[in-house]
Amino acid sequence: MPKKKKILLRAYIAFAALFVIAPASNAMHIMEGYLPAGYCVAWGVICLPFLIAGFISLKKKVKENRRNLTLIAMSGAFIFVISSLKIPSVTGSCSHMTGTGLGAILFGPAAVSVLGIIVLIFQAVLLAHGGLTTLGANTFSMAIAGPLVSFGIYKLCRAAKVNRRVGVFLAAFLGDIFTYCVTSIQLALAYPSEAGGVAASAVKFLGVFAPTQLPLAVIEGILTVVIVIGLETYAKPELKSIGFLRDTPGKQPPCLHERIFAGQRTANDSCRELSEVSRDRIGEAKHPLSD
Amino acid sequence: MLLIDKLSYQSKLRYVNASEKLMYAVLTLVLCILSRSVRVAVLVFAVNGILTVGKGGIPLFRYIKLLMIPFAFLIVGTAAIMVNISETPLDAFAITIGKWYITGSRAGVYQGLRLCSTAFAAVSCLYFLSLNTVMTDILGTCRKLHLPPLLIELMLLIYRFIFVLSKTAHAITVSQQSRLGNRNFRTQIRAFGALGSALFVLALKRSNALYDAMESRCYDGSIRVLSREQPASKKEIAGIIMFEVILILIWFCNWPVCG
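Respectively, the protein sequence lines represent chains A and B. Counting in our numbering, the first sequence runs from 133 upward without gaps. Counting in our numbering, the second sequence runs from -7 upward without gaps.
This is chain A alone, in the form it adopts within the complex (with noise of 0.2 Å):
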């Protein structure tokens, strides 16, 4: 039927026209006053005994070396930051990291239940992604399901002697996939379809999110695994010093302050170098790294 289509046309131009004045399509972060209040409370009662857990670990750690209260601290704003970057999109819009992938990879998901929770309230008060009543919905499937399953599958995948990189990007890829169908499940199981319930509202949420969400995580995969050949490149001293690199099993790799004081080289000495070799060329130039 001619007339039908023409309709059908018009309303879909009309719904591509919305996603082009819509400013940004962020992660899925369900927004202010979205869920009924019911559900509001009862994600925040589920997510309560993974937010003790980690809050216990963190007052382990810091009570083990005041020291790393400042680490933690750092942890926090740099998910917060990584979340926060424009990242390269092919379909053009603009769009951000979640960052769980590779917290939970690098800090474990015991952490990042807390950061995590610290974070979206940043994000929602300062940002405006989320909200303060969604708070429970959102942290439990990106601060705690979404790392859960992260840290898992990178383990899993270090049991299993995968190639770490693979590792790593599995682990961020499906992280973000499952951070998704669990919003789109917290979403369905508050508004059930009228014709087919729950089960049918999950997966026209699921249809409806995976034009954005599905390209965006295999990109955070890769972004994951880039991040992390970086930092095995520059920074391996520091990722033994948070436990993410382990080469000689049962002694404590040294700190970084303590590397200094042993005279070790550092990442800081390479920056140095590297800023020494680029002022003989370019005269009293420094390099964009050095402090």
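There could be a bad hint or two in this list.
[Said to hold, decoys possible] If we take Cβ atoms under 8 Å as the criterion, some of the chain A residues that face chain B in the derived model are:
1. Leu140
2. Glu164
3. Gly165
4. Ala205
5. Phe337
6. Tyr366
7. Glu370
[As the list claims (entries may be wrong)] Output of the computed footprint for chain A on chain B, the stretches with three or more beta carbons under 8 Å from beta carbons of chain A:
8. 74 to 83
9. 171 to 183
10. 187 to 193
11. 199 to 208
Treat the hints as calculated values from the structure; they're not laboratory data. Even glycine gets a Cβ: it sits at the ideal position worked out from N, Cα and C.
Position chain B against the provided structure of chain A, taking the given hints into account.
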């Protein structure tokens, strides 16, 4: 850099007692979500607009632009709620595709519209809080609510470090762009990876240096700052309570429409 943060320092309502603002925003937010009534939502949206733009002096253009941020999610999510795909058409609209219908019911459309209004009202509550209250004041109020001190300390530090790190990230991005680091997709990916790893190394280095600096100034696990205390005025508290009571009245009694 962070627009909302910058605007909150310029707000004329910045020096109003932070606990009051937090109480107002949270109570109104909760009432919006609980009632899910369009009337409550419209009133809340209007009042928050007047408070933020009129009293707070946030530029209207900026405010509207900020309200558009959650727009993409709202459109996509609400479309998914309103539109169904089934074999039987529903009462509001139906478009045939082969054996199936893209269809929606009146109740579904109404629910979607109600959801949109509630969501916008809720977002305006959030903006009232974040555009008129400085983050450190919010954290001060959290401290009064006896949240775990370690958590608040972490939040304070993270809030500070966000600016330090994003400044670094910005500098690196500029230098990458000036060296044609974002020429095509491949270089963009490479540049982002380099940025991420450099940022991580710098963050770790900074955190060590910062700890040394704080330790040398007798840091013992909490940063103590004298906050400027703004006493809560009884008039404002009375106003807030009255507003919430009016909202509850509108919600329960359908006041003022049917008598």
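Where does the structure disagree with the numbered hints, that is, which hint numbers, in rising order?
none
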